[in-house]
Amino acid sequence: MNRQISRVALFTLVMLAALVVATTYWQTWASGGLAARQDNEIQRVAQFEIKRGLILAADGHTVLASNVRRKRGGQNLYFRTYPAHGLASQTVGYSTQSRSRAGIEREENSYLTASNKSLSTIFHTLGDRLRGATITGNNLVLTLRPGAQRIAQNALAGKCGAAVALNPKTGAVYVMASAPTYDPNLIEKPKGYAKIQQTHAPCSPAAPLLNRATQGLYPPGSTFKTVTAAAALDDGVFTPQSTFNDPGYCTEYGKQVKNALDQSGGAEAFGHVNFVDSYVHSINAVFCMIGQKLGAQRVLDESKKFGFYSTPPLETPTDARSPSGLYNGTNLFNPRNANNQVDPGRLAFGQERMLVTPLQMALVAAAIANGGKVPTPRLVKEVRAPGGGVIAKLHPRTWKQATKPATAATIRDMMVQVVQRGTGTAAQIPGVTVAGKTGTAELSANSKNYDAWFIFFAPAENPVVAGAVLVESQPNGFGGAVAAPIARQIMQAILPPASNSKSGTNGH
Amino acid sequence: MTARNKELGYLVAVSGLTAVGFASVYIARRALVSWGSLGYAAFFVALYLAAHLIARRTVPNADPYLLPMAGFLTAIGLTEIYRLGPDNAFKQGLWIVVGLALFAAALIGLRRDYRVLESYKYLFGIGAIALLFLPRLPGFGTTVNGARLWVHVGGLQFQPGELAKISFVVFLAAYLREKREVLAQGRLKDFGPLLLIWGATMLVLVATNDMGSGLLYFGIFIAMLYIATGRVSYVAAGIGLFAVGGYFAAREVSHIQERVTVWLHPWTTHKVFCPLTGTYALRQDCQSYQIVKSLYSIANGGWLGSGLGKGTFTTTSGTPLIPYVNTDFIYSALAQELGLIGASALLLVFMLFVARGMKTALQVDDGFSKLLAAGLTFGFAVQTFIIVGGVLRIIPLTGITLPFVSYGGSSIVANFLVLAGLLLVSNRANSQI
Numbered sequence: 000m001n002r003q004i005s006r007v008a009l010f011t012l013v014m015l016a017a018l019v020v021a022t023t024y025w026q027t028w029a030s031g032g033l034a035a036r037q038d039n040e041i042q043r044v045a046q047f048e049i050k051r052g053l054i055l056a057a058d059g060h061t062v063l064a065s066n067v068r069r070k071r072g073g074q075n076l077y078f079r080t081y082p083a084h085g086l087a088s089q090t091v092g093y094s095t096q097s098r099s100r101a102g103i104e105r106e107e108n109s110y111l112t113a114s115n116k117s118l119s120t121i122f123h124t125l126g127d128r129l130r131g132a133t134i135t136g137n138n139l140v141l142t143l144r145p146g147a148q149r150i151a152q153n154a155l156a157g158k159c160g161a162a163v164a165l166n167p168k169t170g171a172v173y174v175m176a177s178a179p180t181y182d183p184n185l186i187e188k189p190k191g192y193a194k195i196q197q198t199h200a201p202c203s204p205a206a207p208l209l210n211r212a213t214q215g216l217y218p219p220g221s222t223f224k225t226v227t228a229a230a231a232l233d234d235g236v237f238t239p240q241s242t243f244n245d246p247g248y249c250t251e252y253g254k255q256v257k258n259a260l261d262q263s264g265g266a267e268a269f270g271h272v273n274f275v276d277s278y279v280h281s282i283n284a285v286f287c288m289i290g291q292k293l294g295a296q297r298v299l300d301e302s303k304k305f306g307f308y309s310t311p312p313l314e315t316p317t318d319a320r321s322p323s324g325l326y327n328g329t330n331l332f333n334p335r336n337a338n339n340q341v342d343p344g345r346l347a348f349g350q351e352r353m354l355v356t357p358l359q360m361a362l363v364a365a366a367i368a369n370g371g372k373v374p375t376p377r378l379v380k381e382v383r384a385p386g387g388g389v390i391a392k393l394h395p396r397t398w399k400q401a402t403k404p405a406t407a408a409t410i411r412d413m414m415v416q417v418v419q420r421g422t423g424t425a426a427q428i429p430g431v432t433v434a435g436k437t438g439t440a441e442l443s444a445n446s447k448n449y450d451a452w453f454i455f456f457a458p459a460e461n462p463v464v465a466g467a468v469l470v471e472s473q474p475n476g477f478g479g480a481v482a483a484p485i486a487r488q489i490m491q492a493i494l495p496p497a498s499n500s501k502s503g504t505n506g507h
Numbered sequence: 000m001t002a003r004n005k006e007l008g009y010l011v012a013v014s015g016l017t018a019v020g021f022a023s024v025y026i027a028r029r030a031l032v033s034w035g036s037l038g039y040a041a042f043f044v045a046l047y048l049a050a051h052l053i054a055r056r057t058v059p060n061a062d063p064y065l066l067p068m069a070g071f072l073t074a075i076g077l078t079e080i081y082r083l084g085p086d087n088a089f090k091q092g093l094w095i096v097v098g099l100a101l102f103a104a105a106l107i108g109l110r111r112d113y114r115v116l117e118s119y120k121y122l123f124g125i126g127a128i129a130l131l132f133l134p135r136l137p138g139f140g141t142t143v144n145g146a147r148l149w150v151h152v153g154g155l156q157f158q159p160g161e162l163a164k165i166s167f168v169v170f171l172a173a174y175l176r177e178k179r180e181v182l183a184q185g186r187l188k189d190f191g192p193l194l195l196i197w198g199a200t201m202l203v204l205v206a207t208n209d210m211g212s213g214l215l216y217f218g219i220f221i222a223m224l225y226i227a228t229g230r231v232s233y234v235a236a237g238i239g240l241f242a243v244g245g246y247f248a249a250r251e252v253s254h255i256q257e258r259v260t261v262w263l264h265p266w267t268t269h270k271v272f273c274p275l276t277g278t279y280a281l282r283q284d285c286q287s288y289q290i291v292k293s294l295y296s297i298a299n300g301g302w303l304g305s306g307l308g309k310g311t312f313t314t315t316s317g318t319p320l321i322p323y324v325n326t327d328f329i330y331s332a333l334a335q336e337l338g339l340i341g342a343s344a345l346l347l348v349f350m351l352f353v354a355r356g357m358k359t360a361l362q363v364d365d366g367f368s369k370l371l372a373a374g375l376t377f378g379f380a381v382q383t384f385i386i387v388g389g390v391l392r393i394i395p396l397t398g399i400t401l402p403f404v405s406y407g408g409s410s411i412v413a414n415f416l417v418l419a420g421l422l423l424v425s426n427r428a429n430s431q432i
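Same order as they appear, the protein sequences are chains A and B. So that you can map any letter, position 486 of the first sequence is 485 in numbering that gives the first Met the number 0, and since no number is skipped, the others follow by simple counting. So that you can map any letter, position 73 of the second sequence is 72 in numbering that gives the first Met the number 0, and since no number is skipped, the others follow by simple counting.
There's no promise every hint is true.
What the hints assert, rightly or not - Here are the simulated SDA-like pairs of lysine to any residue, each with C-alpha atoms no more than 25 Å apart in a straight line:
(1) LYS309/B x THR133/A
(2) LYS399/A x TYR326/A
(3) LYS399/A x PRO322/A
(4) LYS304/A x GLU351/A
(5) LYS358/B x TRP28/A
(6) LYS309/B x GLN96/A
(7) LYS270/B x THR375/A
(8) LYS309/B x SER119/A
(9) LYS188/B x TYR326/A
(10) LYS309/B x LEU116/B
(11) LYS190/A x VAL13/A
(12) LYS70/A x GLY35/B
(13) LYS190/A x THR314/B
(14) LYS358/B x VAL13/A
(15) LYS358/B x ARG55/B
(16) LYS70/A x THR314/B
(17) LYS178/B x ARG2/A
(18) LYS70/A x THR315/B
(19) LYS399/A x THR375/A
(20) LYS90/B x GLY35/B
(21) LYS5/B x ALA105/B
(22) LYS5/B x GLN362/B
(23) LYS168/A x LYS188/A
(24) LYS194/A x SER316/B
(25) LYS358/B x ARG6/A
(26) LYS190/A x LEU281/B
(27) LYS194/A x ALA105/B
(28) LYS188/A x SER97/A
(29) LYS116/A x ASP127/A
(30) LYS309/B x PRO322/A
(31) LYS257/A x VAL272/A
(32) LYS309/B x VAL272/A
(33) LYS70/A x THR313/B
(34) LYS168/A x VAL13/A
(35) LYS309/B x PRO474/A
(36) LYS358/B x GLY38/B
(37) LYS309/B x ALA29/A
(38) LYS309/B x GLY84/B
What the hints contain is simulated information worked out from the structure, not anything from laboratory work.
Full structure from sequences and hints, please.
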């Protein structure tokens, strides 16, 4: 019988070995796929056993996200609470049972749950595990300034729009506001999510969850002339002294493209003007001619040097950041031969199919402020271990080189004049040299509603803040009248008090 | 070193592991459990030392690995049951005492010559049927999880099917030892009593809706018949019949049909009819809920597992994620907390146990002992495969306990008897030399 017993023994051992193989399959190959499944609650539950790190504003004590402990089945579970009730909601995001995660809460999840690969975190987490203690995540200190953020949100309240302000040298984002906003604490409440989606706003859809600052796409209008000007000056095709004759319109494909209506309602004609004045007074007809001379390809190439056609780096999820550029419908359109496919005149003053995010326009302003270098925008100033030690710190980086330093200096002076004597006078701050550019983007040929823009930086001599303000769909809303005053408030909140109080000594 | 001293050494190692296991559960769940948990480890060590002393007196030459491996499996099971619900661990502890008492009784009673059992073979055969039939008696049995497998005696629940399995193996070993030559010739009339008792057990199992045990008894029958006769054609015929029967059952019997569907397609992307609620739902939220949650649990373990006591078995509101987690699905719980490394180690211990049992069958020199050891070992292996394979979706899921590990008194008691049987045979094998 021994021959049979040996065979049966072999058979049983192979059978049991198959169990090892199957276990290996489920725990290695298949585990990722199973973990990602919607009905897999384990992943969702396990994350609530971790005490997530706090999210703090730049001042280090304004808490944007913290935890409440609840005992469930004798076990400590930690749920998120957002004590700032809607301050920078779209940027901070949320981490909930019902809607998973968004924003920084999602992108920086590994730091917040102490599952990042930094040596000290691994050491600490291992210690917590061995002691059976609750795993505590690392705290994030953001670059957002709570005061300025609140001022921006209040200024945008009741409107649809966005504001971004950052340090043009370090890329530290001081303000990232998107209106309408929402209270993330509502998400876990019964019917709270539906309530958020029913938010009333003067735009449709109101989409309060959308981070308009990084995700919203809008025609840039005349703010784009900054990019066109950079293209024109960088190659030396034009100089600040180049002169033009402005008849009030520009002829494109045999049709007249008229200048924007001025604040009194009629199409202006400026006659003989130089390059600087056409920028300061934002004359479409002149920029139309500049665009025709440069060609659409050259203007698009210049825009790419500012970051267009790339997704700007930031510590928010990639799908919450849009690249700027020409769009065909909802698709980014990167023409192979732009000179045949794109209308250069209308592109030059920010119409055509050009769509941009407020963040990208803030980066254009930052590049001019920073001698032509586009800084890498950053939201996280510091990552701190629960014990207080700093694990990671913001390191200022240059994202792209947009223009020559000389070109940036020239455009800077032009932007200063926009605020001193041009379309952006509403942004003036006594005692501070403010630089800016207005934009008033047509939404459609017949609409009297415009997207109002203002891009800015200050103080012009040594900029510490640059940014962009966008207000959606304003009836007769010119950038200079609607967006520039909001920008001024934001700058005043960020600039050190000394430069705010020097009023009268060297102001205009 | 003598076999018993070796055994004692391994038991000391197992005791150390047990202490580490309970300590880690204690550390991980300090909020919930007290230092008393370590008392379980001490209690456990004392029990197995007692088992060792009994073995030392009754089966001095028996295999030194079987008892420590059984101890290891019981310890892992008890630790995990304790982690999932300390109250159940206390009951399980009591059942281990009962199992140990029967283990001692079997060793002491049969230490001279267990082959006396051979003369009572028909008693064992009929006993197996009677035990299986017990839950069907009105006022006696209860239905749990759709199958009528339990009897209530006083306040205790007992699953007599576990003991029936051992009776069945003893009957087969005795009957086949006597008739193996004539059976090998393939005359139908010699099969009479065999087919009668086998057929009756299968009938009872089908009637009680106990598919897992049905498969187990079938497997034991085919394997022992093959070992006795050496006729591959019997195996082929048996598997052929099983395949045909299984095919029609899967097509015609709705209960079995559903199990196969759940096994093949546990996830759906559109809603299907859900007989539990009478509405339409995704299958993973209805019929295949158990297997799907179990797979999520296993997958969550990854390479190293979450650690004993650190697994996730309840939702954030405290409701259990995996049903029957300490009986049918204990492997999913262990795989999550111990990870691939721990789960594989556990399966390796099962394999080693099977290897030692089969080695015993090879070494012993008489037919009844060979068949008994091989039958008990094969039953142990197939039972492990049926439940773990079901949990891992290798085969359709049928509820059956994981030997030594799952929560359940009858299972513990029956497996202690299997262990006693293997030690007796092994003692005989090693005493002959």
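Of the hints stated earlier, which fail here? Hints 5, 7, 9, 10, 11, 23, 27, 30, 32, 34, 35 and 36 contradicted; others consistent.
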